[in-house]
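> So the chains spell out like this:
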Amino acid sequence: MASTVIGAGITIEGEVTSDEDVVVQGTVRGKLVAKDAVSVEQGGAVEADIAGGPVAVAGTVTGNITSSDRVDLQNGAKVIGNVKATRITIADGAQFKGNVDMDV
Amino acid sequence: MANSTVIGRASFIRGRVSGDGDLEIAGRVEGDVAVTGEVVVDTSGLVAANVSAARIVVRGAVKGDLVADQVLLVEAGARVVGDLRAPRIAIAPGGLVRGHVQTGAAGPARPRAAVAPARAVATETKARPVVAPPVVRAVKAAPPPPPAKVVATKTNPKPAAPARPGPPPPVVPVLKKGTKAVQKKRG
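Chain order of the listed sequences is A and B. Just so you know, we're using the numbering used here here: the first sequence kicks off at 6 and counts up by one. Just so you know, we're using the numbering used here here: the second sequence kicks off at 113 and counts up by one.
A couple of the hints might just be wrong.
With a cut-off of at most 25 Å between alpha-carbon atoms, the simulated SDA-like pairs for lysine to any residue come out as follows [as the list claims (entries may be wrong)]:
no.	chain 1	residue 1	chain 2	residue 2
1	B	K175	A	G19
2	B	K175	B	N162
3	A	K40	B	F124
Which bits of chain A does chain B cover? Going by a derived footprint, with three or more residues having C-beta under 8 Å, they are [what the hints assert, rightly or not]:
no.	segment
4	8–15
5	20–29
Hints were generated in silico from the structure; no laboratory data involved. In this text, a Cβ means the ideal position worked out from N, Cα and C, and glycines have one as well.
Go ahead and model the full structure; you've got the sequences and the hints to work with.
This is how it looks when you write it as structure tokens:
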């Protein structure tokens, strides 16, 4: 049960802060901070830095991703920015341009 | 469901929310909300923003103007501080509203200052013994000019100041004192 959903067709310009899961199907510009899981679904676009728990990307992200847990770039994902997390997976078919920092 | 957006209880958005689709707010939103579908502010929802949508349902707290293209429902337990405008507005018993309420076709974003005097004139010409508020507003609107005049008269003596070799112009209070002193001496 995702608690916060930004639906397709909706654009948020500003700062999104959440203590729960965030699912992005629409567009977020600005900043995205979540204590829990962040999921950028197919068709979703984030032009912002993301900080959160586990981050899953199947859409587009332009900005840095910082996770306290793991980052999964799924098939179809397009990410431009640096990724910092303890565990990172990049699926076949994901586009990625940026640095990876696995802070071991 | 595809286009539906939910701002969860523990979420906070600062900025502008816009686009197509429905929006359910159970968390906090500060900024502007403009969507084409329905906006529902849940009991736990806290909105400090102007909201415009086709349909608006309020069960939580809103501080800002609500403009709906179709219907605006303020349900029991809702708290609204701001103006309401929609073709159809319903305020349920237990709903709290503080602001201007206007039903009818949605016009341009409330030109309040322009509207109030116009309405006062209208009521006067029709000689209707109706509600006082418009008149009160007109009276309220009147006072502002006098202060401006006062300021003008105060600022007028300024030219006299340069005659003294006193401090430079930016320090207004000193200038005022100085000009008063000059006036007293002259008087």
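> Each of the hints needs a verdict: does it hold here or not?
Results of checking the hints against the structure:
no. : hint              : in the structure
1   : K175(B) - G19(A)  : holds, 19 Å
2   : K175(B) - N162(B) : holds, 8 Å
3   : K40(A) - F124(B)  : holds, 12 Å
4   : 8–15              : holds (count 8)
5   : 20–29             : holds (count 8)
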